[in-house]
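Chains as they are written, first to last, in this note's numbering: chain A, 1 to 256; chain B, 1 to 330.
I should point out that these hints are in silico values taken from the structure, not numbers from a laboratory.
The beta carbon of each residue, even a glycine, is placed where N, CA and C say it ideally should be.
Keep in mind that the hints are not guaranteed to be accurate.
Short derived list, chain B residues pointing at chain A, Cβ under 8 Å [what the hints assert, rightly or not]:
hint : residue
1    : L119
2    : P196
3    : F197
4    : G261
5    : K267
6    : A289
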Amino acid sequence: MKILVAIKQVPSRDSQLRLDTSGRWIDEADLASEINEPDAYALEEALQIKEKHGGEVVALCAGPARASQTIREALAKGADRAIHIENDDLGRYDLLGVARLLAKAAAGETPDLILTGLQSDDLGYGQTGVVMAELLGLPAATIIMQVEKTDAGIRVKRELEDGWFQHMDIPLPAVLTIQSGINKLRYATLMGIKKAKTKEVKRLTSVDLGIDAVPNVSLDRVYLPQRAKQTTFIPGSAREQAAKLAEILKFEVRVL
Amino acid sequence: MSILVVMEVVMEQSRLTWHRMSWEALAAGQELGRQMDLPVAAVVLGQGIAALAAELSAKKLDKVYAIEHDLLAGYTADGYTAALAGLAAQVNPTLVLFPHTYQVRDFAPKLATRLGKVLISDVVRVRLEEGGLVMVRQLFQGKLNADYRASGAGPHFASIQAGAYRAEMVEAGSAQVETVTPVLEAAAIRVKVGAPFRESQRAVDLTAAELIVSVGRGIKEKDNIALVEELARVMGAELAASRPICDNGWLPMERQVGSSGQTVSPKVYLAIGISGAIQHLVGMKGSKAVVAINKDANAPIFEVADYGIVGDLFEVVPALIEEVKKAKGL
Ligand SMILES: Cc1cc2nc3c(=O)[nH]c(=O)nc-3n(C[C@H](O)[C@H](O)[C@H](O)COP(=O)(O)OP(=O)(O)OC[C@H]3O[C@@H](n4cnc5c(N)ncnc54)[C@H](O)[C@@H]3O)c2cc1C
Numbered sequence: 001m002k003i004l005v006a007i008k009q010v011p012s013r014d015s016q017l018r019l020d021t022s023g024r025w026i027d028e029a030d031l032a033s034e035i036n037e038p039d040a041y042a043l044e045e046a047l048q049i050k051e052k053h054g055g056e057v058v059a060l061c062a063g064p065a066r067a068s069q070t071i072r073e074a075l076a077k078g079a080d081r082a083i084h085i086e087n088d089d090l091g092r093y094d095l096l097g098v099a100r101l102l103a104k105a106a107a108g109e110t111p112d113l114i115l116t117g118l119q120s121d122d123l124g125y126g127q128t129g130v131v132m133a134e135l136l137g138l139p140a141a142t143i144i145m146q147v148e149k150t151d152a153g154i155r156v157k158r159e160l161e162d163g164w165f166q167h168m169d170i171p172l173p174a175v176l177t178i179q180s181g182i183n184k185l186r187y188a189t190l191m192g193i194k195k196a197k198t199k200e201v202k203r204l205t206s207v208d209l210g211i212d213a214v215p216n217v218s219l220d221r222v223y224l225p226q227r228a229k230q231t232t233f234i235p236g237s238a239r240e241q242a243a244k245l246a247e248i249l250k251f252e253v254r255v256l
Numbered sequence: 001m002s003i004l005v006v007m008e009v010v011m012e013q014s015r016l017t018w019h020r021m022s023w024e025a026l027a028a029g030q031e032l033g034r035q036m037d038l039p040v041a042a043v044v045l046g047q048g049i050a051a052l053a054a055e056l057s058a059k060k061l062d063k064v065y066a067i068e069h070d071l072l073a074g075y076t077a078d079g080y081t082a083a084l085a086g087l088a089a090q091v092n093p094t095l096v097l098f099p100h101t102y103q104v105r106d107f108a109p110k111l112a113t114r115l116g117k118v119l120i121s122d123v124v125r126v127r128l129e130e131g132g133l134v135m136v137r138q139l140f141q142g143k144l145n146a147d148y149r150a151s152g153a154g155p156h157f158a159s160i161q162a163g164a165y166r167a168e169m170v171e172a173g174s175a176q177v178e179t180v181t182p183v184l185e186a187a188a189i190r191v192k193v194g195a196p197f198r199e200s201q202r203a204v205d206l207t208a209a210e211l212i213v214s215v216g217r218g219i220k221e222k223d224n225i226a227l228v229e230e231l232a233r234v235m236g237a238e239l240a241a242s243r244p245i246c247d248n249g250w251l252p253m254e255r256q257v258g259s260s261g262q263t264v265s266p267k268v269y270l271a272i273g274i275s276g277a278i279q280h281l282v283g284m285k286g287s288k289a290v291v292a293i294n295k296d297a298n299a300p301i302f303e304v305a306d307y308g309i310v311g312d313l314f315e316v317v318p319a320l321i322e323e324v325k326k327a328k329g330l
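Required output: the full structure, derived from the provided sequences and hints.
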């Protein structure tokens, strides 16, 4: 099976976020980045499917030059090659525009299966996989917790709300958005890291793909949310905070 | 020129009923209808939905569309997209609103794409400003907010986050029901969908717990779970967790709180090292009192916390264990 995995680089989870001077995005200058967590699970799932059924795993990433670090990590974990849609100003595209870039690059590969994380930790639209599928005319399924190959295509386990699940049979080619926790993530081996250096990374630009930014939707302003809730913050050292909280639990909330 | 609200139907004990978030989306639609002076219509899709449509006809709406078809008996993205694309072409709405449910995540982006549009997903507030609608949504799992603007002619699409609008605000009234028969072909539905199931009988019922100590990724390692286990033990509380803790297998899945786990409402919910992503909040914000311990003063969990401690859990929790023991005379 030829599997394409769309991965994204995002700011590291514990980053202290600061707004930039434009007020439209965060200051990315000193931010560490990492692979979007659900995308890491999508990559792992692709690698496991390949190990079971053979084929090829191609990582696809749209992002600035520094995203090549995330691509190298995907190659080190076992992706066979990668496509980097290099663009330093993806913010000019709306989510449909970015999905168009990805879909166009994906179409050139004619994969059997396209996987991606169910949403990104930064923008959090949760739509890219579904929009790509529609652009490519493929069926899609979201929030996937299990993938099995069948004679007719694949059978997936989709997560529903409140702890419910459901199975779905889908013909290939198809697009799946993968939920965190579907598998156990692997670490790159030393051997993998060495090999990654020799693997092919194809670079494409929006010009190569022939897709301009014509946004329908614009992000006008980013800001800290206003807190509506009156939280009583307990000051002091850890010991003082703990003592005060125990007192509150005993005498105000009365649960001790 | 109108606002269309797409209601979600769920099967409960083999009866069709409303997804609770549908009413929140409807409340948003009615509020915007008043502000923008636009007619508001609601849509329900399925098979055997006459009773549901009748229920909607008792709301303050200009129209209720009941899209009836055998092929809509169960949800599929293909079926829903085709049916709603047909209705959108007929009605030409300015704005289409959805509740931001898992099902909407599955088909609404596809519908918007089919019409060459962008869905603004997981919106917490819609504001009318000079020059058009501003949709507010969260970035970075609730750490920041952002204003989005949709340009050009409609229809614009937005899905409304759980709890952003209040279901009780839906206004009663009366509306006519128009039954719509969409053009659907069985061959156009490419997937086969199985019946919903639960993984196993839940051994732990957190919904009955009066005290919950809940742990998140701030705990860092599996070995550190013992620390919060000890706190739960001395407090006489049930132990719960955010999703990543269960994904990692540090605690069993049945202890997960949130949209894909359990919904709890204890007297006290003590959130330790949990950031407060919306998918977690929906599972615990009904708690009588919420206490949060987090090293990040800007963590969204404080938005729902009655009491907050900004600090390092590895210092605060050991101290708290001692203080609770003292308070209980242990
Ligand atoms: C469809 C879908 C369904 C989901 N369902 C659920 C669900 O049911 N339940 C759920 O919980 N999540 C769910 N999630 C995931 C959710 O979006 C968040 O990713 C998750 O809740 C984050 O867990 P967390 O708060 O433990 O981790 P993080 O977001 O990583 O937060 C860790 C927190 O710990 C704090 N911290 C770190 N170190 C310390 C320290 N030493 N002392 C004190 N504080 C510290 C940090 O400041 C941070 O706030 C779902 C997501 C999706 C997309």
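Of all the hints numbered above, which does this structure not satisfy? Sort the numbers upward. Violated: none.
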